[in-house]
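Starting from the given sequences, assemble the full structure and let the hints guide the process.
Take a look at the letters that make up each chain.
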Amino acid sequence: DQQVKQNSPSLSVQEGRISILNCDYTNSMFDYFLWYKKYPAEGPTFLISISSIKDKNEDGRFTVFLNKSAKHLSLHIVPSQPGDSAVYFCAASAGGGNKLTFGTGTQLKVEL
Amino acid sequence: GAVVSQHPSWVICKSGTSVKIECRSLDFQATTMFWYRQFPKQSLMLMATSNEGSKATYEQGVEKDKFLINHASLTLSTLTVTSAHPEDSSFYICSAMKPTEAGELFFGEGSRLTVL
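The listed protein sequences correspond, in order, to chains A and B. Going by the numbering used here, the first sequence opens with residue 39, and the numbers climb by one from there. Going by the numbering used here, the second sequence opens with residue 1301, and the numbers climb by one from there.
Because the hints were derived from the structure by calculation, they are not lab data. As the structure is a computational prediction, the values presented were derived from the model and not from experiment. Hints may contain errors.
Claimed, not checked - Straight-line alpha carbon distances no greater than 16 Å define the calculated EDC-like cross-link-like pairs of lysine to aspartate or glutamate that follow: (1) B:K1398 with B:E1363; (2) B:K1320 with B:E1404; (3) A:K76 with B:E1409; (4) A:K109 with A:D93; (5) A:K106 with A:D69; (6) A:K137 with B:D1388; (7) A:K106 with A:D122; (8) A:K137 with B:E1359; (9) A:K109 with A:E80; (10) B:K1366 with B:D1388; (11) A:K147 with A:D122; (12) B:K1341 with A:E80; (13) A:K94 with A:E149; (14) A:K137 with A:D122; (15) A:K75 with B:E1359.
What the hints assert, rightly or not - Examples of chain A residues lying across from chain B (beta carbon under 7 Å, computed): (16) P78; (17) E80; (18) F140; (19) T142.
Heads up, the beta-carbon is just placed ideally off N, CA and C, and yes, glycines get one too.
Below is the structure:
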């Protein structure tokens, strides 16, 4: 049972445009959400997070939106840069713990 | 940011042998570390929670006798894949929890295991 889903395995965007990566979850106990970026053969690196008490969090070019009623979150990257090309994982945790449940990832390719 | 190091980054072994992977937090003490496994094009699956000075907590479906976890110090956790078989070939990643109020997690670089 995949509690965190990223339905788009890949996304291709032109440099300078907006990248929107989507994530859906089914567990209503999740109250903290994170996005990680991962290059091949490397561990994930933390990008941005959002608590369930918020609906938006912004950090530079990265903004995460949370729609609790739809159990949906999205990561917006604008403007997209070639260095943003990587796999992006959505993750969620419940009750202040650090056991993360990861989505399957979305491969983002930013083209020149 | 904090640094978590894994060693080896890749290892090839024969079927039936045991392989040890180390996870070190280089600039902070981590009472809790986590071990994940990632299959190609799949999510990172939590295998176990490693607690310093006590037994690891394994997720459902993970064989604790096969994947031995030892968290002997506040900066080191080890994962030993015992009697490895080709189906154990995978990318193993650890993360360490920084003991701050936020309890931030930092990931190692991962270890690629190939069992022939």
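Results of checking the hints against the structure:
1. B:K1398 with B:E1363: violated (27 Å)
2. B:K1320 with B:E1404: violated (26 Å)
3. A:K76 with B:E1409: holds (10 Å)
4. A:K109 with A:D93: At roughly 11 Å apart (the allowed maximum being 16 Å), A:D93 and A:K109 satisfy the hint.
5. A:K106 with A:D69: holds (9 Å)
6. A:K137 with B:D1388: The hint is violated at about 22 Å.
7. A:K106 with A:D122: violated (27 Å)
8. A:K137 with B:E1359: At roughly 10 Å apart (the allowed maximum being 16 Å), B:E1359 and A:K137 satisfy the hint.
9. A:K109 with A:E80: Not OK: A:K109 and A:E80 at ~29 Å, beyond 16 Å, violated.
10. B:K1366 with B:D1388: holds (10 Å)
11. A:K147 with A:D122: holds (8 Å)
12. B:K1341 with A:E80: Since the Cα atoms of B:K1341 and A:E80 sit roughly 14 Å apart, the hinted pair holds (cutoff 16 Å).
13. A:K94 with A:E149: violated (27 Å)
14. A:K137 with A:D122: At roughly 26 Å apart (the allowed maximum being 16 Å), A:D122 and A:K137 break the hint.
15. A:K75 with B:E1359: Not satisfied, since the Cα-Cα distance of roughly 24 Å exceeds 16 Å.
16. P78: violated (10 Å)
17. E80: Holds - the Cβ of A:E80 comes within 7 Å of chain B, reaching about 5 Å at its closest.
18. F140: Since chain B brings a Cβ to about 4 Å from A:F140, closer than 7 Å, the hint holds.
19. T142: Check passed: Cβ of A:T142 comes within 5 Å of chain B, closer than 7 Å.
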